[in-house]
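A.B. asks: Residue numbers (full-length UniProt numbering), protein chains in the order written: chain L, 1 to 241; chain A, 1 to 282; chain C, 1 to 335.
There's no promise every hint is true.
Cross-link-like lysine to aspartate or glutamate pairs, in silico, DMTMM-like; alpha carbons within 25 Å at most [as the list claims (entries may be wrong)]:
id, chain 1, residue 1, chain 2, residue 2
1, L, 93, A, 112
2, L, 93, C, 216
3, C, 277, A, 182
4, C, 23, L, 172
Stretch by stretch, here's where chain L covers chain C in the computed footprint (C-beta under 8 Å, at least three residues) [what the hints assert, rightly or not]:
id, region
5, 200-209
6, 219-227
Honestly, the hints are just simulated from the structure, not real lab data. Predicted model only: the values in this text are computed from it and were never measured. We treat Cβ as the ideally placed atom computed from N, Cα and C, and that holds for glycine.
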Amino acid sequence: MNATSSQPFALQGLDLSRVYGGFRALDGVAISVPKGEVRGIIGPNGAGKSTLMDVLSGRAASWGGTVRLGGRDIGALSPRERRQAGLARSFQKTNVFAELTIDEQIRLAARSVEIDNSAEVLDKLELTALRSRLAADISYGDRRRLDLALALVGRPQVLLLDEPAAGLTVEESLAMARLLRDLALEWQVTVLLVEHDMEVVFGISNRITVLHLGKVLAEGTPDEIRSNPVVVSAYLGSSVE
Amino acid sequence: MLIHVLNGLVYGGLLYLVAVGLVLIFGLRQVVNFAHGSLFMLGAYVAYATIAIAGFWIGLLAAAIVLALLGLLLDRTVFRQLQDQDPIVTVLVTFGLLLVLEDFVRTVWGRDNLTVAVPQLLQGTVDIAGASFPIYRLFVIAAAAVIGAGLTIWLKTSRVGLYVRAFAADPVTTGMQGVDTERVSASVVAVGAGLAGLSGAIASPLLALSPAMGGSILIESFIVVVVGGFGSFSGAFVAALVIGQLQNFGIVFVPSIASMVPFLLMMAILIYRPEGLAGKAS
Amino acid sequence: MTSLPEKLIGAAAPRPLDAQRSKLPLLLALVVAVGGCVFPFVVTSTLTLSLLTQALIGAMLATGVGFLVRQNGMVSFGHALFYGLGGYILGVLVSRGIVPIELALILAIVVPTVLAFVLGLVITRIPGVAFGMLTLACAQAFYELALKVRGLANGDDGLAVTFPARIFGVPVSLLQDPHSMFVICWVVLMIALGSLWLLMRSHYGLLTFAIKANEERARFIGYETLVPRAAIYAISALLAATAGVLATFYNAFISPDMLHWTLSGSALIMAIIGGTKAVWGPALGAVVFFFIKEIAGDATEHWPAVIGGILIVVTVFVPIGLSGLLVRVFSGRRA
Chain L
1 MNATSSQPFA
11 LQGLDLSRVY
21 GGFRALDGVA
31 ISVPKGEVRG
41 IIGPNGAGKS
51 TLMDVLSGRA
61 ASWGGTVRLG
71 GRDIGALSPR
81 ERRQAGLARS
91 FQKTNVFAEL
101 TIDEQIRLAA
111 RSVEIDNSAE
121 VLDKLELTAL
131 RSRLAADISY
141 GDRRRLDLAL
151 ALVGRPQVLL
161 LDEPAAGLTV
171 EESLAMARLL
181 RDLALEWQVT
191 VLLVEHDMEV
201 VFGISNRITV
211 LHLGKVLAEG
221 TPDEIRSNPV
231 VVSAYLGSSV
241 E
Chain A
1 MLIHVLNGLV
11 YGGLLYLVAV
21 GLVLIFGLRQ
31 VVNFAHGSLF
41 MLGAYVAYAT
51 IAIAGFWIGL
61 LAAAIVLALL
71 GLLLDRTVFR
81 QLQDQDPIVT
91 VLVTFGLLLV
101 LEDFVRTVWG
111 RDNLTVAVPQ
121 LLQGTVDIAG
131 ASFPIYRLFV
141 IAAAAVIGAG
151 LTIWLKTSRV
161 GLYVRAFAAD
171 PVTTGMQGVD
181 TERVSASVVA
191 VGAGLAGLSG
201 AIASPLLALS
211 PAMGGSILIE
221 SFIVVVVGGF
231 GSFSGAFVAA
241 LVIGQLQNFG
251 IVFVPSIASM
261 VPFLLMMAIL
271 IYRPEGLAGK
281 AS
Chain C
1 MTSLPEKLIG
11 AAAPRPLDAQ
21 RSKLPLLLAL
31 VVAVGGCVFP
41 FVVTSTLTLS
51 LLTQALIGAM
61 LATGVGFLVR
71 QNGMVSFGHA
81 LFYGLGGYIL
91 GVLVSRGIVP
101 IELALILAIV
111 VPTVLAFVLG
121 LVITRIPGVA
131 FGMLTLACAQ
141 AFYELALKVR
151 GLANGDDGLA
161 VTFPARIFGV
171 PVSLLQDPHS
181 MFVICWVVLM
191 IALGSLWLLM
201 RSHYGLLTFA
211 IKANEERARF
221 IGYETLVPRA
231 AIYAISALLA
241 ATAGVLATFY
251 NAFISPDMLH
261 WTLSGSALIM
271 AIIGGTKAVW
281 GPALGAVVFF
291 FIKEIAGDAT
301 EHWPAVIGGI
311 LIVVTVFVPI
321 GLSGLLVRVF
331 SGRRA
């Protein structure tokens, strides 16, 4: 760890690597996120964004490197243990319990953690009125927020979000972005956000890490990233002014 | 000693020919055919009926052809119709078929055990390492080896074989690359069923034919498929030979628990290598 | 998204409706439970009662198989293992006089349950179809053992079990007379169904159901998923072992048939015919199964083919099973 850092990072990954079938999906990635920061992760398809999420959250089966949560090495912990230590995640493909009502699954999520803030979470994510509906019967946008709600129950210290705005309309994406920004501020939750929607990422991130071919290409504030010539030529192109 | 090894080869070879049909269908459609043992049983009975009229060799041929045709029918009416549903639906339907086929055979041929005579050409014994060994058993080993080799060549060289291997390795990607399951499925299921029928016919002089014989071969070939690591041909081959030997040496040395040996092997494999002998970690 | 709250005001109603609806089935269940106990006083034909007692024992086994499907989404082709093991433990221990009959009874239920839990830690990790093949193979291993080891219980011939006169002070003869045994089996089945229903509605029931629906997500909301799966497997084995124990008392006979895969298959067919969504579905399926077997068995020798055909038809065309159909009719929902 960097000996000069005065404050412990909320989440830190050091020298992370993951190889499958000869393909280096992650190749020595280092990422350190201070408490309360919203960190955006961007990069083209295959850059290693989802793999990074999988390694940090304990979903990946084999990987190398170190993962620290609030200074504690959590590399050997199962997803369950990571969750109980305060690290939660959502999924790129909506990952909820289709056959359970919203109330049931939120209750279930609340039972596994110490703080039961389910009423507050349902309220914040505008799911209260849908409580008794099956997840299979609600709209796609509602399911995306349910996925997020499952991660937010118990007030995790760190939230890993894998494309929370995927498949949402422009209007819904912006609402999602506002919601995330409010949550990060209000609950002091540290957010790691993988997102393709540049407007969302640049709108709410404090800092952005750019991945390219399994390596960190650049890291900086949204303004620095926007004007970084390497990033622009490798990834952003002309899509961001 | 050598005799025991040979006896193990007889059993292992037959087991491979049956199990390989399960592997073929599993590789292509990710479903398990619970009626597969019944196809083996039906093959033996078709051979029994044909041999009485047309002789042994025609009997073998008839069993292979009739069962391959039945395989075609199965593919059309069952596997294809149910392909979009949970694999367990196909399993339950083929389980129902197992009951129907067993009852059908019982109705046509009765519940008593039937026997098939060894063809004249292959009667008698030879001396091997000082002990006598039936020629027919040698024939079974040779036949299993030839058929197994033929199958391997078919899988390695034909377009269908390429598809099957690709599907077994990665069904999703192969499907996305526009390989048409439907075109290969018919031939694959037909070959699998034909092989089951043929091995039933080849085994018929060694066994007492009864409608229940499908159930026991089914369970043993399941063990082969599980131990070999689902969808792996080489794994199934090794597993069949190992189980053939284990079974046989078990009968010689620990007769009372011989039939449990394959099950114990399977449990051991599952605990130490859940993905099977040839499987890859997901 | 600003319009979201208004849009949903009307949708908040279903809860009170649910509460109203749940009264009727409860009442109905109570009537059925009590009704069964007086049944032998109405129908006194020993033959009919004997058949129905067998059906109830089958129902117990099928309930175990069905519960596994419902809570774990796993299809077992080998529940005869626990049924037969329960029967064999009771039969062998009692016949040899190794332990008091009361202890034998307890062991006959506890041992298969514990075995299932340990086995479950290994095999419930294996998905779908492979799990079915494994359960089949495991059960068949024990079948072979019972068949080949003659010293255990006469191998293929089976063993007639001689019980002492009393168990827990109750005459064992009550367990062999169809009039009293029907009521005993009925009460045991009702207790089992009631307990399962309560379990289903508990946190653990919800958790296992959630694991079945989406195991990965369950892990990521902070749950360990292997033990709950194995526990459900053990509970379903407990039901099967209980059925095996009841059958051994009633028939005073054990044989390898109790372990054979055709019995596992029959139990699965009962569960599928009855439908597994409702906890009572498999039991209903079992009664229907025995009914079909009786009628078809009289009319034709081909009842296995009839059952096989029914299995195919139900699987493909009525996957919700009889209980699913009944619930639809009762709740007045369209198919």
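A.B. asks: Each hint should be assessed against the structure and marked as holding or not.
C.D. replies: Status of each hint after checking the structure:
1. Of the supplied pair hints, the one linking residue 93 (chain L) and residue 112 (chain A) is violated, its CA atoms being roughly 57 Å apart against a limit of 25 Å.
2. Note on residue 93 (chain L) and residue 216 (chain C): the hinted pairing holds, with a Cα-Cα distance of about 12 Å set against a maximum of 25 Å.
3. Restraint check for residue 277 (chain C) and residue 182 (chain A): the C-alpha separation of about 33 Å exceeds 25 Å, so the hint is violated.
4. At roughly 41 Å between alpha-carbon atoms, residue 23 (chain C) and residue 172 (chain L) are farther apart than 25 Å, so this suggested pair is violated.
5. Counting residues of the region 200-209 of chain C whose C-beta sits closer than 8 Å to any C-beta of chain L gives 4, which meets the bar of three, so the coverage hint holds.
6. Remark: the region 219-227 of chain C is confirmed as covered by chain L, as 6 of its residues place a Cβ nearer than 8 Å to a Cβ of that chain, reaching the required three.
Consistency with the previously given hints fails for numbers 1, 3 and 4, ordered from lowest to highest.
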